[in-house]
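A.B. asks: Listed below are the residues making up each chain.
Number of protein chains: 2
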Amino acid sequence: MARYACKLSYDGTDFSGYQVQPGKRTVQLVVEQALQTIHKGVHTPIVASGRTDARVHAFGQVIHFESTISMDTTSWKQAINSQLPDDVVVLNVHGVNDTFHARYDAVGKEYRYYIHYGDVPNVFRRNQSVHIKWPLDVPAMQTAAQYLIGTHDFSAFCAANTSVEDKVRTITNVSIQPVGQELELSFSGNGFLYNMVRIIVGTLIEVGSGKRKAREIEAILASLDRSQAGKTAPGHGLYLWEVHYDEEHFSR
Amino acid sequence: MARYACKLSYDGTDFSGYQVQPGKRTVQLVVEQALQTIHKGVHTPIVASGRTDARVHAFGQVIHFESTISMDTTSWKQAINSQLPDDVVVLNVHGVNDTFHARYDAVGKEYRYYIHYGDVPNVFRRNQSVHIKWPLDVPAMQTAAQYLIGTHDFSAFCAANTSVEDKVRTITNVSIQPVGQELELSFSGNGFLYNMVRIIVGTLIEVGSGKRKAREIEAILASLDRSQAGKTAPGHGLYLWEVHYDEEHFSR
Numbered sequence: 001m002a003r004y005a006c007k008l009s010y011d012g013t014d015f016s017g018y019q020v021q022p023g024k025r026t027v028q029l030v031v032e033q034a035l036q037t038i039h040k041g042v043h044t045p046i047v048a049s050g051r052t053d054a055r056v057h058a059f060g061q062v063i064h065f066e067s068t069i070s071m072d073t074t075s076w077k078q079a080i081n082s083q084l085p086d087d088v089v090v091l092n093v094h095g096v097n098d099t100f101h102a103r104y105d106a107v108g109k110e111y112r113y114y115i116h117y118g119d120v121p122n123v124f125r126r127n128q129s130v131h132i133k134w135p136l137d138v139p140a141m142q143t144a145a146q147y148l149i150g151t152h153d154f155s156a157f158c159a160a161n162t163s164v165e166d167k168v169r170t171i172t173n174v175s176i177q178p179v180g181q182e183l184e185l186s187f188s189g190n191g192f193l194y195n196m197v198r199i200i201v202g203t204l205i206e207v208g209s210g211k212r213k214a215r216e217i218e219a220i221l222a223s224l225d226r227s228q229a230g231k232t233a234p235g236h237g238l239y240l241w242e243v244h245y246d247e248e249h250f251s252r
Numbered sequence: 001m002a003r004y005a006c007k008l009s010y011d012g013t014d015f016s017g018y019q020v021q022p023g024k025r026t027v028q029l030v031v032e033q034a035l036q037t038i039h040k041g042v043h044t045p046i047v048a049s050g051r052t053d054a055r056v057h058a059f060g061q062v063i064h065f066e067s068t069i070s071m072d073t074t075s076w077k078q079a080i081n082s083q084l085p086d087d088v089v090v091l092n093v094h095g096v097n098d099t100f101h102a103r104y105d106a107v108g109k110e111y112r113y114y115i116h117y118g119d120v121p122n123v124f125r126r127n128q129s130v131h132i133k134w135p136l137d138v139p140a141m142q143t144a145a146q147y148l149i150g151t152h153d154f155s156a157f158c159a160a161n162t163s164v165e166d167k168v169r170t171i172t173n174v175s176i177q178p179v180g181q182e183l184e185l186s187f188s189g190n191g192f193l194y195n196m197v198r199i200i201v202g203t204l205i206e207v208g209s210g211k212r213k214a215r216e217i218e219a220i221l222a223s224l225d226r227s228q229a230g231k232t233a234p235g236h237g238l239y240l241w242e243v244h245y246d247e248e249h250f251s252r
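As given, the protein sequences belong to chains A and B, one line each in that order.
With UniProt numbering, you'll find the first sequence wraps up at 252, consecutive numbering, no jumps.
With UniProt numbering, you'll find the second sequence wraps up at 252, consecutive numbering, no jumps.
Here chain A stands alone, though its shape is the one from the complex (with noise of 0.2 Å):
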């Protein structure tokens, strides 16, 4: 028996999100799926770094899973990728420790969410950017996202409804630029709570938009209420970007 690491991209266009549901074509099914063909019927279970909800994507989602098939890493991405559908694709495949583990081992992840700024959508961009028709105050968004950076009880910008005790977490690194005709925001951190970056950038639009001041932020943090915070985002624009480890998971 040995464990594998896979990276995932997907678009989540088609999804109800990764989780398996009763009924429903979620990412968790097709590559379980794909995976049990490959095994000859067996059921091989994936674990994944987290969920990603409805319309959600991934460029760089990671699950592990174990098999008693023995080839190598190249072959592995081959085979997994060629029982896949088309909207989603194994970038690649690593051999870890029998004790990796996709959610309790990471260490890190990447966000990233898309807005498309113009009086008219991009239409080849519809289901992975979210579309606004005004322009957006990009200095001031960037200033708001200053004071996310750091150790923080972020209640006030995760799900209401979550049943997570400590929502203490660290955001390193935020950034905001322009790409071509769309903004791109990242946001890496130790974690993320439930629905946290889509009401963080829910928020940022309004601050972009003129219906905040960039240190709102400040008092929507120390506040550890929801409702102070702006809407959540939709989901077509945020991206699972990336998902860290430690080195010494990773047998090659």
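None of these hints come from the bench; they were simulated from the model.
Any given hint could be a false lead.
Stated by the list, open to error - When the alpha-carbon atoms are kept at most 25 Å apart in a straight line, the in silico DSS-like pairs for lysine-lysine are as follows:
(1) B:Lys-213 with B:Lys-133
(2) B:Lys-7 with A:Lys-133
(3) B:Lys-133 with A:Lys-7
(4) A:Lys-231 with A:Lys-133
(5) A:Lys-213 with A:Lys-231
(6) A:Lys-231 with A:Lys-211
Since chain A is already given, all that's left is putting chain B on it; use the hints.
C.D. replies: Just chain B now, with coordinates in the frame of chain A:
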């Protein structure tokens, strides 16, 4: 009665091409439906610069229509966009002469074709760029493309079943350049035969893959024989990028 020209952008993925066909979802159908709603149920036909096939996109298709409704062009744009599905958008509307004709008055067109090369596909561009696993010899493709520039009988690069008699066209410019992880091919000319760009691209891919030499293009052109050229490249990499008209047609 006034005549208007609209520049349309559409994602061809979910359309059975541009032209109305019974029982099919086409670009012409959804745009005429939008205009019919605005005209309180009165059918308002549109005329395009040319058709596009199933899965082929447009960044700047041009259509014209006539209307008894008096509105400024900004209001027209908003009115039509409010009635369109999210895979078609009006980029702009211009008032034009009563004699303007989107097809007959087009003096030139630019098509683009996008190829993504890499060992795994980019899931986010799977419907908008053609994936090729192997590396392409871009300089060889650029050399080959030079043979296409000028006025030629493009019979060898035209679908064999076409009824058009005169297959002489002028290609004024071809550029092939890497853009991020993709190769962008641009073709400008006074007009293009049916499937001409896709057959040219299919042939250039064979050159880039080392299956043909760049200078074979000369002999293929001279043969006037479709069977001498390469395969027709898939529709989903192709974009009708821009249609050119003389300025005189546009009243503003």
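A.B. asks: For the pair supplied as a hint, Lys-213 (chain B) and Lys-133 (chain B), is the alpha-carbon distance within the 25 Å limit?
C.D. replies: holds (20 Å)
A.B. asks: Are the Cα positions of Lys-231 (chain A) and Lys-133 (chain A) separated by 25 Å at most?
C.D. replies: holds (17 Å)
A.B. asks: Take a quick look at whether Lys-213 (chain A) and Lys-231 (chain A) sit within 25 Å of each other, Cα to Cα.
C.D. replies: Distance ~15 Å between Lys-213 (chain A) and Lys-231 (chain A) Cα, so the pair holds.
A.B. asks: Mind checking the alpha carbons of Lys-7 (chain B) and Lys-133 (chain A) for me, to see if they're no more than 25 Å apart?
C.D. replies: Roughly 19 Å between the alpha carbons, so the hint for Lys-7 (chain B) and Lys-133 (chain A) holds.
A.B. asks: Are Lys-231 (chain A) and Lys-211 (chain A) close enough, with their CA atoms no more than 25 Å apart?
C.D. replies: Distance of about 12 Å is within 25 Å: holds.
A.B. asks: Check the hint pairing Lys-133 (chain B) with Lys-7 (chain A) against an upper bound of 25 Å on the C-alpha distance.
C.D. replies: holds (19 Å)
No hint from the list above goes unmet by this structure.
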